[in-house]
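Visitor: Sequences listed follow chains A and B, in order.
Taking UniProt numbering, the leading residue of the first sequence gets 1, the next gets one more, and so forth.
Taking UniProt numbering, the leading residue of the second sequence gets 1, the next gets one more, and so forth.
A portion of the hints provided could be inaccurate.
For identical chains, the list gives no copy identity; a pair is met inside one copy or between any two copies.
[Said to hold, decoys possible] Once the Cα atoms are required to be at most 25 Å apart in a straight line, the calculated PhoX-like pairs of lysine-lysine come out as: (1) K370 to K263; (2) K57 to K297; (3) K57 to K370; (4) K263 to K57; (5) K297 to K263.
Just so you know, these hints were derived from the structure itself, not from any lab.
There are 2 protein chains.
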Amino acid sequence: MTAARPRNVLYFQSGGVTAVINATAGGVIDAARSLAQAGAPIGTVLAARNGLSGVLKEELIDTASLSDEAVLRLRQLPGGAFGASRRLLPPYDECPDQWERVAAVLRAHDIGHVLVNGGNGSMETARLFVELGQRYGLDITAVGLPKTVDNDLLDTDVSPGFGSAAKYLATSMREASLDLAAMSGGARATKVFILEVMGRHAGWMALSTALAQDGPDAAPHLILCPEVPFDEERVVAAVSATIARVGYCAITVAEGLAGPDGKPLAVERDAATYGHEQLGGVGPWLADRVQTRLGVKCHCAVADYLQRSARHLASRVDLEQAWAVGATGVEWSLAGRSGVMVAIRRLADAPYRWDLVPAALDGLADRERKVPPDFLSADGLHASPLARAYLAPLIAGEAYPPYGDDGLPDYRWQCPSNLAPRLSPYSL
Amino acid sequence: MTAARPRNVLYFQSGGVTAVINATAGGVIDAARSLAQAGAPIGTVLAARNGLSGVLKEELIDTASLSDEAVLRLRQLPGGAFGASRRLLPPYDECPDQWERVAAVLRAHDIGHVLVNGGNGSMETARLFVELGQRYGLDITAVGLPKTVDNDLLDTDVSPGFGSAAKYLATSMREASLDLAAMSGGARATKVFILEVMGRHAGWMALSTALAQDGPDAAPHLILCPEVPFDEERVVAAVSATIARVGYCAITVAEGLAGPDGKPLAVERDAATYGHEQLGGVGPWLADRVQTRLGVKCHCAVADYLQRSARHLASRVDLEQAWAVGATGVEWSLAGRSGVMVAIRRLADAPYRWDLVPAALDGLADRERKVPPDFLSADGLHASPLARAYLAPLIAGEAYPPYGDDGLPDYRWQCPSNLAPRLSPYSL
Chain A
1 MTAARPRNVL YFQSGGVTAV INATAGGVID AARSLAQAGA PIGTVLAARN
51 GLSGVLKEEL IDTASLSDEA VLRLRQLPGG AFGASRRLLP PYDECPDQWE
101 RVAAVLRAHD IGHVLVNGGN GSMETARLFV ELGQRYGLDI TAVGLPKTVD
151 NDLLDTDVSP GFGSAAKYLA TSMREASLDL AAMSGGARAT KVFILEVMGR
201 HAGWMALSTA LAQDGPDAAP HLILCPEVPF DEERVVAAVS ATIARVGYCA
251 ITVAEGLAGP DGKPLAVERD AATYGHEQLG GVGPWLADRV QTRLGVKCHC
301 AVADYLQRSA RHLASRVDLE QAWAVGATGV EWSLAGRSGV MVAIRRLADA
351 PYRWDLVPAA LDGLADRERK VPPDFLSADG LHASPLARAY LAPLIAGEAY
401 PPYGDDGLPD YRWQCPSNLA PRLSPYSL
Chain B
1 MTAARPRNVL YFQSGGVTAV INATAGGVID AARSLAQAGA PIGTVLAARN
51 GLSGVLKEEL IDTASLSDEA VLRLRQLPGG AFGASRRLLP PYDECPDQWE
101 RVAAVLRAHD IGHVLVNGGN GSMETARLFV ELGQRYGLDI TAVGLPKTVD
151 NDLLDTDVSP GFGSAAKYLA TSMREASLDL AAMSGGARAT KVFILEVMGR
201 HAGWMALSTA LAQDGPDAAP HLILCPEVPF DEERVVAAVS ATIARVGYCA
251 ITVAEGLAGP DGKPLAVERD AATYGHEQLG GVGPWLADRV QTRLGVKCHC
301 AVADYLQRSA RHLASRVDLE QAWAVGATGV EWSLAGRSGV MVAIRRLADA
351 PYRWDLVPAA LDGLADRERK VPPDFLSADG LHASPLARAY LAPLIAGEAY
401 PPYGDDGLPD YRWQCPSNLA PRLSPYSL
């Protein structure tokens with residue numbers, strides 16, 4: 001039996017990053033090393049700088065230069081260690097020269113395995129790599145590694161990154177609501193707190209703050225998801241009733257909250273104000289509406305990047321899944337599995353049990369996982385018990401990063417330099 | 001020798017709350033119990049519900065009903081356990097009936113010690129309690145316990161609450177900047193991240209994010225304090241230069257940033273947009289200016305209540321100081337010290353050493369501690385080495401709260417009911 005020739009692995013981070021996407025990178029590199037040491041035909045992991053942009057520009061980082069300790073440190077590093085990009089591979093007909101270039105880069109670096117770490121659009125890019133391999137006669141496998149704080153990927157129980165964002169947001173809501181409760185009873189009282197979270201089309205992150213509730217009248221009192229058209233009269237009435245009953249009202253609003261016409265409210269408002277589209281802003285907009293309608297003082301926080309980079313408050317379950325997805329992607333790729341995403345399958349809610357199963361990459365791009373109606377309360381303004389049962393295990397367990405003498409999380413990590421290019425430059 | 005008659009302690013939380021103000025309450029209650037057990041003439045600690053409002057309304061909570069464990073749990077509870085209020089005691093001439101009422105409440109509950117836990121205005125209220133005692137012939141001492149995330153109290157090295165807010169903000173800036181770095185290199189790149197922090201008149205919290213820097217070009221790249229009038233041309237030029245040099249630019253902006261005319265920018269803008277004053281909003285405003293001027297994509301987070309309630313990321317030094325200030329306030333009050341604030345004195349920067357000393361309450365209300373010019377870099381857009389030396393020890397050490405099975409900090413705490421009133425009702 002002739003030993004198969006070791007082939008290299010191409011890994012890249014695609015789309016917005018998360019608090020644990022680097023754990024997936026760590027899982028990929030660690031598994032590839034272990035397999036190589038065990039004699040498997042696998043070479044080095046080349047990470048593209050800035051996602052697909054780095055593939056096209058042949059900006060590749062040989063992770064072989066990373067010490068084992070540096071690989072392990074990827075577990076505790078938020079952001080995207082190698083840089084990410086929103087660039088996706090277009091279909092061949094739209095841009096044949098990009099396909100040509102990618103094929104050349106794969107050949108030049110003897111890539112046998114392509115691992116794309118991203119969300120919906122990135123899974124389609126992973127799928128196109130399968131096509132690309134066939135078109136150019138390259139012997140490659142392509143595997144998708146799920147990642148998105150939005151949790152809008154289908155065919156997986158959850159996407160790594162979401163659990164940590166959820167843990168951060170639920171904690172923030174619980175903490176801020178204690179502040180609100182303290183400030184709501186005295187003079188010049190604040191009566192409403194609004195937390196604006198990410199989620200353009202899906203309310204998963206907004207919904208996750210329901211986990212902050214530890215009693216019937218605990219915060220959040222209202223959760224406004226993009227799946228439920230905003231009805232100002234109903235929301236104002238609900239806020240007013242909550243203030244009357246509880247003394248204050250805490251609200252989570254998803255950035256993509258839309259009116260009955262389907263248009264996002266924040267964009268509408270900002271287009272009117274500034275003459276151009278500006279994302280974000282639904283939180284302050286809602287605060288202004290509530291303040292104007294009810295005459296109560298409102299506070300508003302906008303979590304923005306904080307919610308997807310808060311590694312200091314990562315979910316241990318999420319971190320473990322992120323690592324496992326990377327490691328398993330390498331194993332499957334080496335076993336010749338291609339055109340699949342490493343999906344998380346839920347075996348039980350409590351205690352949470354899960355394993356990893358392949359999901360076809362086909363068509364993931366066009367199907368967005370929205371919050372289903374039975375995950376919402378009857379009035380559409382909160383989470384149902386079904387949603388809580390789904391969400392609860394995803395934020396379980398702590399996984400603190402080490403702290404330095406400076407009193408801050410120690411995120412030192414040195415990204416190696418790019419490999420010397422083997423091809424002529426390519427401009428994007 | 002006749003044993004002195006035990007007198008009760010009145011404690012209240014005044015102004016905005018912090019992540020560690022309840023630790024001060026815990027220190028007060030714990031010290032009073034220990035002293036009483038040792039035979040000192042001290043009774044129970046009565047906490048007013050919702051600050052001074054609760055004193056006037058005779059809404060008092062007898063903390064004797066709290067178990068020792070419940071007192072210790074105050075160390076780990078954000079928000080204000082007994083409720084806070086922005087209500088301050090007016091001078092006698094402005095409102096003699098309020099003085100009359102307070103005196104009646106103090107008499108009815110045999111109060112011998114008044115401990116006011118708050119900021120500048122609250123220290124003046126503490127001082128007025130001394131006057132009130134004299135005017136009504138009450139044998140009371142009044143002691144101020146410093147508390148403010150703004151850190152604008154004079155005569156103390158730092159105010160409890162600030163260090164934890166600073167730790168949270170510096171961590172958030174470090175984490176978000178890793179996200180920004182990852183997103184700045186690819187397609188549809190984000191080039192600027194703005195973190196809006198609290199601080200109407202003083203830039204302490206904004207400045208504290210300088211601690212996130214762990215290298216010469218590390219975030220934050222610009223810090224905009226209320227002490228430095230906003231000069232759009234200079235700031236836009238600095239942002240542009242930073243993007244050219246680093247690839248991206250992270251900015252901290254204090255909510256109270258003002259233009260050359262001294263008017264807060266956020267208020268100006270909101271007054272124009274909405275026809276009424278709306279606080280907050282300088283972050284999104286700045287994002288819009290940068291985006292318009294430089295044509296780069298900006299992200300903006302607004303920390304709001306999150307920065308002062310993030311007990312999950314408290315500074316251990318801050319927590320210890322908060323507790324010590326409460327405990328020492330009781331000891332001093334029992335020793336007959338009155339009209340003083342329990343101030344923190346710095347003995348050394350590194351390693352940080354401190355003790356507690358009395359500071360006169362007189363005139364604290366009118367003097368706000370701003371960021372001094374030598375704490376700013378030469379261009380006024382960053383922290384100086386002097387500022388770093390001052391700030392660094394204040395965020396040292398971790399003090400995680402316990403986490404429950406739900407994956408969230410366990411902040412359960414049951415506030416006892418109000419004592420039955422002994423006086424007729426009083427309406428505010």
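Visitor: If a hint holds in the structure, say so; if it doesn't, say that too.
Guide: Quick rundown of the hints versus the structure:
no.: 1; hint: K370 to K263; verdict: within (17 Å within a copy, 44 Å between copies)
no.: 2; hint: K57 to K297; verdict: between (52 Å within a copy, 23 Å between copies)
no.: 3; hint: K57 to K370; verdict: neither (35 Å within a copy, 50 Å between copies)
no.: 4; hint: K263 to K57; verdict: neither (37 Å within a copy, 48 Å between copies)
no.: 5; hint: K297 to K263; verdict: between (27 Å within a copy, 22 Å between copies)
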